[in-house]
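**Student:** The two chains are supplied separately, each in an independent frame; assemble them into the complex guided by the hints.
Heads up: the sequence lines are chains A and B, in that order.
For this note's numbering, add 11 to where a residue sits in the first sequence, where the first one is 1.
For this note's numbering, add 21 to where a residue sits in the second sequence, where the first one is 1.
Derived from the structure by calculation, the hints contain no laboratory data.
Wrong hints could be hidden among the right ones.
[What the hints assert, rightly or not] Cross-link-like lysine to any residue pairs, in silico, SDA-like; alpha carbons within 25 Å at most:
1. B:LYS664 x A:THR74
2. B:LYS760 x A:GLU69
3. A:LYS165 x B:SER850
4. B:LYS830 x A:ARG217
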Amino acid sequence: MAIRTLVQVAAAAVVVILLNTLAPTNANVEGRLARNFPLGDALYALRRSVKDPDNVLESWDPTLVDPCTWFHVTCDGDNRVTRLDLGNAKLSGSLVPELGKLERLQYLELYMNNLVGSIPEEVGGLKSLVSLDLYHNNLTGAIPDSLSKLSNLKFLRLNTNRLTGRIPRQLTKLRNLKILDVSNNDLCGTIPTLGSFSKFSEESFRNNPRLEGPELMGFVRYDTGRCT
Amino acid sequence: MFHFILLFTVLDALLAVTWGDSSTDSYWLLRSKSKLVDPEGVLESWSPRAHICSWNGVTCSDHEEAYVTGLNLSASRLSGSIPLEFWNLISLQILDLSLNFLGGSISPEIGHLQNLRTLLLYSNNISGKIPPEVGLLKKLQVLRVGDNMLSGEIPASIGNLTELRVLGLAYCGLNGSIPAEIGNLKNLASLDLQQNSLSGPIPTEIHGCKELQNFAASNNKLDGEITTSIGKLKLLQILNLANNSLSGLIPTEISHLTNLYYLNLLGNRLNGEIPLELNNLFELQELDLSSNNLSGSINLFNIQLQYLQVLVLSDNALTGSIPRNFCSKNSKLQQLFLAENKLSGGFPLQLLNCSSLQQLDLSNNNFEGEIPPSIDKFEKLTDLLLNNNSFIGIIPPEIGNISNLENLYLFDNMITGSIPVEIGRLQSLSTLYLYDSLMSGNIPIELTNCTSLTAIDFFGNHFSGSIPETIGKLKNLVLLQLRQNDLSGPIPPSLGYCKKLQQLALADNKLSGVLPSTFRFLSQLSTMTLYNNSFQGPLPQSLSFLRKLKIINFSHNKFSGTIFPLTASNSLTALDLTNNSFSGTIPARLAVSKNLRRLRLANNHLTGNIPSELGLLTELTFLDLSFNLFTGEVPSQLSSCRKLQHLLLNNNQFTGRMPSWLGSLQELGELDLSSNNFHGHMPAELGNCSRLLKLSLHTNNLSGDIPKEIGELTSLNVLNLQTNNLSGSIPPTIQQCEKLYELRLSQNFFTGPIPSEIGRLTELQVILDLSRNLLSGEIPSSLGNLLKLERLNLSSNRLKGELPASLGKLTSLDMLNLSNNHLQGELPSAFSKFPLSSFLGNDKLCGPPLSSCMDSAGHEKNRLSKTAVVCIIVAIVFTSTVLCSVMIYIMLRIWCNWRKVSISNSSEGAKDEQFKREEEKWIYGETKKRKGGYWRVINSMALVPSLSQDHVSSSCIFHVKMDTK
Chain A
12 MAIRTLVQVA
22 AAAVVVILLN
32 TLAPTNANVE
42 GRLARNFPLG
52 DALYALRRSV
62 KDPDNVLESW
72 DPTLVDPCTW
82 FHVTCDGDNR
92 VTRLDLGNAK
102 LSGSLVPELG
112 KLERLQYLEL
122 YMNNLVGSIP
132 EEVGGLKSLV
142 SLDLYHNNLT
152 GAIPDSLSKL
162 SNLKFLRLNT
172 NRLTGRIPRQ
182 LTKLRNLKIL
192 DVSNNDLCGT
202 IPTLGSFSKF
212 SEESFRNNPR
222 LEGPELMGFV
232 RYDTGRCT
Chain B
22 MFHFILLFTV
32 LDALLAVTWG
42 DSSTDSYWLL
52 RSKSKLVDPE
62 GVLESWSPRA
72 HICSWNGVTC
82 SDHEEAYVTG
92 LNLSASRLSG
102 SIPLEFWNLI
112 SLQILDLSLN
122 FLGGSISPEI
132 GHLQNLRTLL
142 LYSNNISGKI
152 PPEVGLLKKL
162 QVLRVGDNML
172 SGEIPASIGN
182 LTELRVLGLA
192 YCGLNGSIPA
202 EIGNLKNLAS
212 LDLQQNSLSG
222 PIPTEIHGCK
232 ELQNFAASNN
242 KLDGEITTSI
252 GKLKLLQILN
262 LANNSLSGLI
272 PTEISHLTNL
282 YYLNLLGNRL
292 NGEIPLELNN
302 LFELQELDLS
312 SNNLSGSINL
322 FNIQLQYLQV
332 LVLSDNALTG
342 SIPRNFCSKN
352 SKLQQLFLAE
362 NKLSGGFPLQ
372 LLNCSSLQQL
382 DLSNNNFEGE
392 IPPSIDKFEK
402 LTDLLLNNNS
412 FIGIIPPEIG
422 NISNLENLYL
432 FDNMITGSIP
442 VEIGRLQSLS
452 TLYLYDSLMS
462 GNIPIELTNC
472 TSLTAIDFFG
482 NHFSGSIPET
492 IGKLKNLVLL
502 QLRQNDLSGP
512 IPPSLGYCKK
522 LQQLALADNK
532 LSGVLPSTFR
542 FLSQLSTMTL
552 YNNSFQGPLP
562 QSLSFLRKLK
572 IINFSHNKFS
582 GTIFPLTASN
592 SLTALDLTNN
602 SFSGTIPARL
612 AVSKNLRRLR
622 LANNHLTGNI
632 PSELGLLTEL
642 TFLDLSFNLF
652 TGEVPSQLSS
662 CRKLQHLLLN
672 NNQFTGRMPS
682 WLGSLQELGE
692 LDLSSNNFHG
702 HMPAELGNCS
712 RLLKLSLHTN
722 NLSGDIPKEI
732 GELTSLNVLN
742 LQTNNLSGSI
752 PPTIQQCEKL
762 YELRLSQNFF
772 TGPIPSEIGR
782 LTELQVILDL
792 SRNLLSGEIP
802 SSLGNLLKLE
812 RLNLSSNRLK
822 GELPASLGKL
832 TSLDMLNLSN
842 NHLQGELPSA
852 FSKFPLSSFL
862 GNDKLCGPPL
872 SSCMDSAGHE
882 KNRLSKTAVV
892 CIIVAIVFTS
902 TVLCSVMIYI
912 MLRIWCNWRK
922 VSISNSSEGA
932 KDEQFKREEE
942 KWIYGETKKR
952 KGGYWRVINS
962 MALVPSLSQD
972 HVSSSCIFHV
982 KMDTK
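So that you can see chain B by itself, here it is in the shape it has in the complex (with noise of 0.2 Å):
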């Protein structure tokens, strides 16, 4: 018999067989055994010197010839590939290698398992597909392979397995629909897709399985209705299909699974009203059929539905308000989730009823009225959003009572009053809330007694008087947010014991004093702003203990003293301290912060020079050191900072030529050198800076021609180059800064004529000035087509000959000044609405405002004979005379009668001022200092004295007048 046996052994062996026993598969698991990593040694009893059926892990039949039936290796840490030889053990009814690392694939050859009844490899790294061979494996009831890296589709063979009770496929990479064979598994009582890709309608047929209990295929890609058919699942428990692309309604015949107690819905694209008939479903406990977009009211009544502990509607279009017999008496909801639809109407009292609640969230709808005080029968709500809705009133007192609070979210809402003193009973409140509301009022040091609050945050809101001085207490704050507020009083020392701290924002107030030395405690700080504020004095030296700071705003304060303690922490990303009164010199060690990105230190009183450390920071995107005091050159490591988008120098007493290797900050948008004394030439280099939208440069001491390159900078927007040295002609490509709404060449040496190609620059419109030049020839016609042009300066140049017709078209033109050149000929028409001093200085212009062209001289096109010109004089000389006797003679009348009263300055003196200062604005006279600003001008006398002697007082007149008589 034995040898028998043995001999059979050996063939099979060698032929593959279709028996097995004992000792094949001893010899099957030996040399599986050998194939697979067993670091806990789970296979150390595994030897030819014991028998198989003392294995680990082994199960044998109680024949004598004692077949593997059973092999359970579950959770034992193996890892290598599933070895082929398992498929071997023909016996095999349950085979368990889930919990592990093994990888490899489903071999088909586990086709030949014809006994197998479970099969569970759920839980490791297996790849591939699953082989259609499953398919033979006609006696499983339980096939558990999710959880792995499978992928493929579902063989449409599975339907063969019609003993299968239990399929689990979830957590794989599954494509391909669901198979419509599954309809065959009759016996199937749970099944598991969950987390796969797969997509297509959930199959008709699925109603076949009339056994299912556990239906989840939740977030796959399933798409098309949810099948009616679903409704004859009588058994089913458990329905997720959620996060996928279903569509249309929910079906009415969901109502017909009345064991149904979790259906969740979430995620899809489901429209319509919610199914009158889910209120049929008694012995539901949870419904998610949020992020869908239904419409209609809410029409589920917890009356019905009395074991429902979890209903969530959230982020819907549902309107109208809550049903007003919604909760039942005996309410066991703990969770009602109503967040993100169109409710409205006010805070539904009738929900009061559901005094089981735990979680409340209404939040982004449109309820609106008051928030009432029988809040507090929400006896063990932990978690209550209104947040995003039009509540008004105050908050109640109340809502003390509701012990067990733990967050409190209002914000954005038109809530108003104080913060009610009860808050300080709320021992367990860990994030309360309030920002974007109208409240006021102090902020109750009774707060400081929850001290279980981790987050706070009232910005917003107009919250006065002092921060409390025991915000100390509060030892697990996180987050403290205060912006915006009207506070007032120095920051309490003892804020420096929250040493939970990461965010402090209490910009936007009116807080002042120095900053407490306490401050040292906050050691995982890392968000700090102050900004808008009145905060002074030196820093203390002791922030240099906060290492993790990343982000300071102490900007518009008035800080002084150096800047030094806040450069301890080596990752800053923003450091901004503009518009102080710090003074000292920027600490190299700001370099070690190799993250920071902006650094703002403009207008403060800093000295000495940019270290060249900076060159360090790499992530550099703003660096803002303009208004201060900084002199010497520029360090040319800045050139590393390739990131660089902002870089502001202006208005410092920086020296040196400007520097070349600015063209290599290719990301540059805005550059400001202006009011330093820069000298040397404008670098050719520049125009790789494609990027740039703003170019300053002005008042410096440039000199030499504009690089023709400056036409590379196809971005430009502004450009000012004025008050400098720079000479030669303006380059024609400057052309091609297309995009240029604001050009100011002023105050230079230019010389050659104004280059027609400006004319192509049609976006100009904020200023065209060429003033204070040496520019010369005729004005081209071509700048009649910056039609968007609104000022346009010419003057002071050596421009001649006549006005082009087209200047006629800048009819946006508000300002012009074309004086002090040597223009002639007639004014366009257009032109009559400038005053005067537009084109003074000008000998041969003539029209309106200036004096006509018949009288200019050589001009005349209808002389007069010389006696017509004398009897006009003499006429005019008579008419005057005549006039002027009767003026004088009601002048002194008048005179007579109010001799004694004194004389005061006529309303139309005043008038002729207010004329005159605005004239003021567009006649230029010599400014000594030419900072930044344009026409920055005194009244020039002599240019308009007609004016200056208007401003006379009117008795002056009269004297004058007098004295002529």
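Bound conformation, chain A alone (with noise of 0.2 Å):
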């Protein structure tokens, strides 16, 4: 008898643990502050995704109005992120989709880190974009076709990564870019000769083993030979 009380005293304090567990959850506050600050919600998930041993992201403080004052964060007139300056930081980890949400971006500087994995596609979203500074990291991958929605870029630097796959055809129609560097890497295929890319020289692509040429325009398919 004795025992059976026991185990139902043992049950009841068992239920009680549970029914805590259950109890609903008052709205979750990371969520509460992201939803509170949508374009730091993007910045702040970078700070979330990447490794920051010099704590160049300390004052990222998400409970705050917006992220201008943030240090490496430049913001315009209506408090909207216009530059990201992360070169040289030592920061590891990957880029985050989110990223995408910065409409008024014009700088996005991110180079000389040890960033890994591939570039966002929604990346391509950043319409006000001028400057793409990947450069010196370790991106794999390809590089996106949506970046041919970038129709403001004028430098793209994504020169010494590990990126793969071919130079996207798409990226001809990018008008105003004046600087394309994609040296060092692992790209394939035939290099784009139609649009801005036939004033970049040989400079732009060099350091890519598989890379074979200029494409041949006319009759011949640009596009011979296994390239994956």
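**Tutor:** See the structure below:
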């Protein structure tokens, strides 16, 4: 009998513990912060995604009204982010798709870090972007086609990474592109020659052992041979 | 007989006996009494004068000799170590010391208590290990030593206690694995190992505990798969393995446990599908499989699990919808938690038959479609959590029928329409979260009938109209979040009667008017954010009653008058009044908020000095006083604000020498003193601020050299020193500021050559502006390394010599100004794209866009004979005369035809004007007040005569031409 009651007591205790875990959580704190803060959210996602041994992102406090007082972030008069300056900051980890939400971003300077993974397709949503500097990282995967949507892009420096695949033909649509550097990668296929690509010299493409040279126009298909 | 026993007693006492009696027992008990701290006097009756069997807590045997067989001192507030003497009470069958404050450890001598059947030591402060000698207590039936500070492993010898029915070892720091010998405990009914650090797998041998009814091992570090042998514990009623690291599938053998009414596996790493066989657990009342990696669809049926009251499957990877025939008619289901899965489909209408439901959580799934009007079939519902799905449509008015509803979370959906007025019938409603949706319309006045409301969050919708006049009826309101809507009108004065309000967020609306003086009653208020509205007028004095305010953000409104009423709290952490029309001075009493971290008063009409008391704000990280009318010197007390990261004093009328104590603010990342009247030298101590990212000192009266310590600012991104009286040469140490992307030194008196080291600043991007100085010498070829540079201005210096060919590598350059120097030679061909004005004022430069180098006197390489020259000139004059005559004839004809029509500006003229405006940015003239901006220039007619004449209307051109004729 005593044991029975004991078991019941134990069970009751267990139930109490269980109920505590069941109680509907008050709106998850991080979520609430993020929703107060749509632009900061995109940047804060980056902060969570990277390792930051030098604490350069220490000032990125998601509870602030906007990210404009965070270090390495520059805003315009409407408190919209225009520059992200994190070149040579010893960051490691990967880029986050949320970055694509920064519609007024003009300068994305993340060069000389140890970023890995691929360039998120969402970067193509940065419609004000003037300069995309991701050179000297460890990025892999293909150059996303979506970069061809960056109609204001003037400077595209992706050199010295481990990017693979073809150079997307759509990039030739970037009429404002002044500088292209994809050297020191593992790109393959042929080099586009149309549009803004007509002015880029071999320098822009060197040290991609599998890159086959300028595409031949006319009857010859531009991408013979295997390229993955 | 008595003598014989006495003799024996003494001997026993001396020789650590194996048999006891009452007199030795009383001896041991009296000794132990002296070692215990007994604040309640429960041991008072323990005295040699009374018979031991009458002592409090002591039970004796029925024999004449009266051995002590039981000792119960439970919940007696006893402290001190467990007296070793207890272990000599060898006749003890029951020892209950539970719920005291006893310390010490369980001594190995416990093994002497061979008669012990019940040992209760739980809820004390006992430390050390469980001695293996416990295994000697062969008669032990109940062993509960949990809720202590025991450590070490569970001794394997515990498997010897074959009589054991209850084993309680929970809430200790036990580690190691569960010993396999536990399987020998054939009589064990309850095994409680919760909240330890036990690791390793659940031993297969557990199936030996055939009598086991309760097995709780939650909150340990158990890993491996759940042993299938657990299915043999047929009598098991409770199985709690929550919060371990168990992996693999849920063994289908669990379905053999037909007596199970409680099953909790939450917080493990279980994967695979939920076994269909779990539906055989007919007795199940509570089932929690949440926070695992379970996948597949929900294939549990309330129809079979008829007694189920609580079902928790949240935080898995479950897909599909809820089974069509999920609910039974007589459902007892009260709580259904399916949050954080990948469930999809419309609102699961099949759930409406579970009318017993009290709490329903479908949040963070992929549900879509409308919320059904029949939702009111959940008569007993208190909590409805549908947030973070893709629900559309309106909130059905029938929601007003769910009269017990307390918490309604609909946020992060795509719900449209307005709040139904029926919501006013929810007298129990406490939390209403509708944020991040697409709702619109007025906030219904009926909402203020929900007097139980404690939290309202409507952030990020399109609610319009005004805040209900009667909001003051919500006496229990703690949170009112209406940020980012289209609300207009004033704040109703009744809001001041929501006396429990702690957080008031009305930012990002179109609210206007003055703050009501009733705010004085909001004494619990800690956060008040009103930014981005059109509030105006002076602040009510009564705001100084709000002593608990921590965060105030009134920025971007039209408030005026003094900020004094906002400085009454002594717990402010952030005060942001940016961009209002506040006037008066900064009250010194602001300094009583010792935890103030952010103080932002920029863009107001504030006057006076910075009070030196601000130096007491040692937690301050952000001080922004820019764009005000502050005067005087910056008090040196600010040097105590060692945590300052942002110090923005720009655009005021501060005077005095640039303070050298700035060098002690080593956390500084941004320092802006620009557009003031600071004078003196740039202090060398500034080099200590090695975390500086932006340093802006432009438009002051600073003089002297740039200290060479500038090179210690290795993190610097932006350096702007333009428009000062700085002199000397640019220090080569600047090359160490490797991260500079913007460097402006224009409008100073710098002399000497441009240091070639500047070419090492390869991250320069926005601008390199050295214009309007006295720089001399040649342009260093190293500047050609600045491959990212987009703008370069070296104009109005005394630079000479030829342009280095390397400058042609500056392919990123968008704008270039080399005008007004003494440069010579041929321009790199890459420069032909820049306008003429980029190079004017250099007599000896040539090449496109300037005139061809062949024409330049003194540099002709192919000299032409005089006759050839004469011939060419004659030919040119002749052809141009012919051409002109023809043109004049044609134009005259046209003019004669059109003479009565007024002549308007040609579109070409407009184009010219546009072109000229672009040019203006790059051709500089004189600006009197040189504030902040760069390249703010006025068109200089003298520099571009051709353009200015083109500007004249076409009719004038015609007259000019006519005249020439």
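**Student:** Of the numbered hints stated earlier in the document, which are not met by this structure?
**Tutor:** Hint check: nothing fails, all pass.
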